[in-house]
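Start from the sequences and build out the full structure, keeping to the hints where you can.
Number of protein chains: 2
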Amino acid sequence: MWTQCWLDYNNENKNVSSYEDYFTTLFVDGFKKDEVITTASDELSLASKGMFGRAIDVDIALPDKGIVIKKSEERTLGKEGYRIYCEGSRAYIEALTPEAVIYGTFRFLALVRTGALNGDTDITEIPENPIRMLDHWDNMDGSIERGYSGNSFFFENNDVIINDRTRDYARLIASLGINAVAINNVNVKDAATDLVNPRFIDKVRQMSDIFACFGVKLFLSLNYAMPIEYEPQSADPLDEKVIAWWKNKMKEVYASVPKLGGFLVKADSEGRPGPFTYGRTQADGANMLAEAIRPYGGIIIWRCFVYNCQQDWRDLTTDRAKAGYDYFHSLDGEFDDNVILQIKNGPMDFQPREPVSPLFGGMKNTNQMLEVQIAQEYTGHQIDVCYLIPWFKQILEFETYMNDDPESDTTVAGIVSGRARNVSLGGMVAVTNTGNDENWTGNDLAAANLYGFGRLSWNTKLGAEEIAREWIRLTFSDADGETEDIITRILMGSWPTYEKYTAPLGIGWMVKPHDHYGPSVDGYEYDRWGTYHRADWEGIGVERGPEGTGYSLQYNSPNKEMFGDPKTTPEELLLFFHKTPYKHILKSGKTVIQHIYDTHFEGYEEAKKMQAAWDSLEGRIDERAFKETRRRFELQVANAREWCDIVNSYFYRKCGIADEKGRKIY
Amino acid sequence: MWTQCWLDYNNENKNVSSYEDYFTTLFVDGFKKDEVITTASDELSLASKGMFGRAIDVDIALPDKGIVIKKSEERTLGKEGYRIYCEGSRAYIEALTPEAVIYGTFRFLALVRTGALNGDTDITEIPENPIRMLDHWDNMDGSIERGYSGNSFFFENNDVIINDRTRDYARLIASLGINAVAINNVNVKDAATDLVNPRFIDKVRQMSDIFACFGVKLFLSLNYAMPIEYEPQSADPLDEKVIAWWKNKMKEVYASVPKLGGFLVKADSEGRPGPFTYGRTQADGANMLAEAIRPYGGIIIWRCFVYNCQQDWRDLTTDRAKAGYDYFHSLDGEFDDNVILQIKNGPMDFQPREPVSPLFGGMKNTNQMLEVQIAQEYTGHQIDVCYLIPWFKQILEFETYMNDDPESDTTVAGIVSGRARNVSLGGMVAVTNTGNDENWTGNDLAAANLYGFGRLSWNTKLGAEEIAREWIRLTFSDADGETEDIITRILMGSWPTYEKYTAPLGIGWMVKPHDHYGPSVDGYEYDRWGTYHRADWEGIGVERGPEGTGYSLQYNSPNKEMFGDPKTTPEELLLFFHKTPYKHILKSGKTVIQHIYDTHFEGYEEAKKMQAAWDSLEGRIDERAFKETRRRFELQVANAREWCDIVNSYFYRKCGIADEKGRKIY
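Line order of the protein sequences matches chains A and B. FYI, the working numbering numbers position 359 of the first sequence as 359, with every residue one higher than the one before it. FYI, the working numbering numbers position 364 of the second sequence as 364, with every residue one higher than the one before it.
Quick caveat, the hints were computed from the structure, so don't treat them as lab data. There's no promise every hint is true.
Identical copies go unnamed one by one, so any copy, or any two together, can satisfy a pair.
Said to hold, decoys possible - Simulated pairs of lysine to aspartate or glutamate, EDC-like, Cα-Cα distance not exceeding 16 Å: (1) K664 with D315; (2) K512 with D527; (3) K583 with D659; (4) K241 with E538; (5) K32 with D159; (6) K189 with D485; (7) K322 with E73; (8) K203 with D59; (9) K664 with D312.
Structure (structure tokens):
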């Protein structure tokens, strides 16, 4: 069996009794019978059974007391907004569409369970991002690329699985306002081919129907090169035969799966063929698919993760960080209106710290989505705790200076939400961290990233700590205030701690090759992946200013100037942008080398403190969660020790500069 | 199909016509009808067909001209010696046993094919080593651990394969005088368990019979911990139930496979259980098995590859190099007389350069075998050419000073042959380099290592170049003298070149973890395997002298003193024994760092020269072999460039000392 994470109504043992009157009767006002409304109704009843031991009666007239799901007349709510308010002994959930009712219902229940609902409550919520999405890297054989929570719950033995867990998963993500999910791995040819073939299409439809009951649209990853294996024997986007093949394929797929949201595509990336193979542009490729899917209202989400993965480490001029902008920038304005570019938060690949991709604000007339990774590929494999929401907040708040209009929100959040250009396609997507482990996310605390991503993609103004506390209250529903404080401190400190004991000052990539867990300072230094630190006896860092690779020039002013000069570059990104001597003095008054030593010793100490804090919770939270997580903290502390000692020893052995505090370095 | 390597009689096109008269008639004098004699007779006929287009007539009386296989009366030939001589128009192969006739027959054919036989020929050959063995690391699923020549030809899909290739393989190795082969992987539990179980035992017998026709004894790797999974539920060597279980198992196995030579065992190594698990000694474990197998004349070959593979890299006192001696030395004299310790050539693990293991000469009353590896795990994966026979010669010639008797040959060769102690058990074994590739060994030139090991284990006095030329003449039988010279130069230079472009001055281990092909200077530096270089800004090397780990003290005097002092340590092993400053002046007048730069640039240049030399052979040798090998030379040159640039850049970035010649370092 598996847990229900933050949706376990059976564990409530406080706060909720004052709401019992609402859970007597449900009245649906103005909506026709609909599977989505039924889902909402069922959820309220499930909650009532868990909290009060009985189902809710459904009434056909307005009750004196109870919950009212009401079709709103307020057009400004849009397709996904809702209003929650109380009137006397009635609580109202109002919306224009059944999907929005789902979101309102889950929110209403969260307010109840956290004791935040009262007679004065009157909340209107409209999601900020049109698309709020999760990408699964699940393969047909049941493995998950970069999965740290067990195998796939979508696939097994090259077949599609549909069972109770499918529905439970849809419910979990719908409760956060997630409205799109791509279930198969975009990085693997077979996974991205099989599902649109007749063998599996009926199961895909069933899956799509289950998600639809929760207001979630199913997306599929698509193998751009698929027609090469069929009659066209080509994937040239301007070849009439290829165009006709795709039109026919889309017709076939939508005939079987009418609710499909669209497709996620990665082309010309890491060895996969794409438009470049035929001398065409990325826009040619994306638009060809977009036209084929247009009759069905579908969209094409096109990944921008294109770079030369056969780089020569000797070459100091080629810079992988520049590749995304170089390949896509000049195509600004050429993409169809049902194409969205899916852009990783940084120019490299989900490191614990990177600058924001210059494509945000660099392309001014193109639909864009922000892609982050809550699968902890480079942030501790869901062994180490690393609550990423504070990091995502910084990314969203980054000012791109896309235009000079003071009214326009040109932060990343403003751009991907569509606000900056007043368009309605855009959003946020996370490579997700779920699998068929009992607790869904490997580490119980990693569920805070799933929860947090969902909440943040709905409303980017929410605070990281606010989200953390909400998640704790819903997950550890019997936790007292001190317990909540302890877990909050662990979560809020976890990303800064992880950054301290791993790669310093934005340099990244000091991980074991392939696996990406644990330290190997030179692991990628002499390899073909474009991920270097260039450390020598004098200093460390990649010179990406105007005198270096020129990467800093891809930003709009004044970011361009800020990143171009080591004096104004934010120090947490100093080594990303500039080759810097070990003896360079930071604003703290410390040298770079002393900063490396200090942060690594601190990070290791902080990991031990987190472990001790967790140990203090024994007997105060669910035993399974406590023990599972305790086991992981033991591994995290061992990992932090390896990182601390290996990074410090590596640099000490390289520069010969002793630690000022005389601590043990090997 | 597959090639016949150095036994392809169809390609002869020179030299042999003068021998045609011998190949008219065969007379077997004094031997009864025997499957081994039949094998010899068949081989002579096969050769005759290939060289002269017709079979040999078998006569029942002494012919006027022809070949005579004669039972000798010369006791000094022993079980395996033979005499080859010519008398008038007759050539004689004389021996005491059928097995020796096989060796003599193959030798006779080699003399014919290389034009070395003449009327004055009178050769008596007695093998130096009682056991001349090949160990296969083949797994039941068909994979080969550290195999670089395709999959196994013994196993596939968890079953045993017996086909024409089995016989061709037996013939190939018998032609070298190999008399023992262990077909299954000693490192893997399942491989070392399955074959003694009823499911496979009949196929093992068939395999054993095929080898027996060529005078080769089949050995099996055994899982020491096997009885844990049966009724005894223990592997304690002093437990009566365990002893009884093994006695019964051996009885069962020998009832089915009476010709079995014995077993190869690895215990207490790299995570496998063994006698230590029960607080017993390695001798307790080996002797228990030896007693069980004694009634059948079998022997137990016990590997000494025991060390702590969970070492902390921070720990400067533990030294993996010391482990073998520490575990086994005190057990000297305690092993049964049908036990042989199989000792790797060096104290670490088959690096391109290591000192000789101090167990040779350190254990004075124990049967010992020398284990080398012709599978090129650390020497280029049969992509890079690395003819290892010059290296094996150095190992065999190493003087151990085991005793003070000036008459006693206490070199490694003297010890493992049994001469030093006048015992009859000992020998040489190679982890082999064969697989089901068309040419058996991946790189055609790697067959020279298989050939060379076989010949050297028969007679350690043969020269490395002598063996190389013999192999070339038999393999490229149409090669002219210049071609032979070119290939000889390639082979003879290949190991020195490989050593130059890889790890300098005996330090070893700068390879990519797990895979072991290509450079990663820090790849094992901060890991648990005990394989460190300890390089910092001032110098490099592991201090193993008396002031360091004390490893040098494991040798007998005067080796102990020689290795203990950096002034007298042979420079090719300097960094193995001593932490040495980069500015230390070598005998060449160069500093250590300049030596590193120079040898790496030279090694890369030499690789390119070898490639050019090979390219010059186009049209002069077999086209398949030429092209296959040319493809590998391209990969070798790319590999040599990576090694050269990465090692040089690594050390330059660490010490900041420029190359005196101003060459490009990154």
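Practice item. Would you list, in rising numerical order, the hints stated earlier that this structure does not obey? Key: 4, 5, 6, 7, 8
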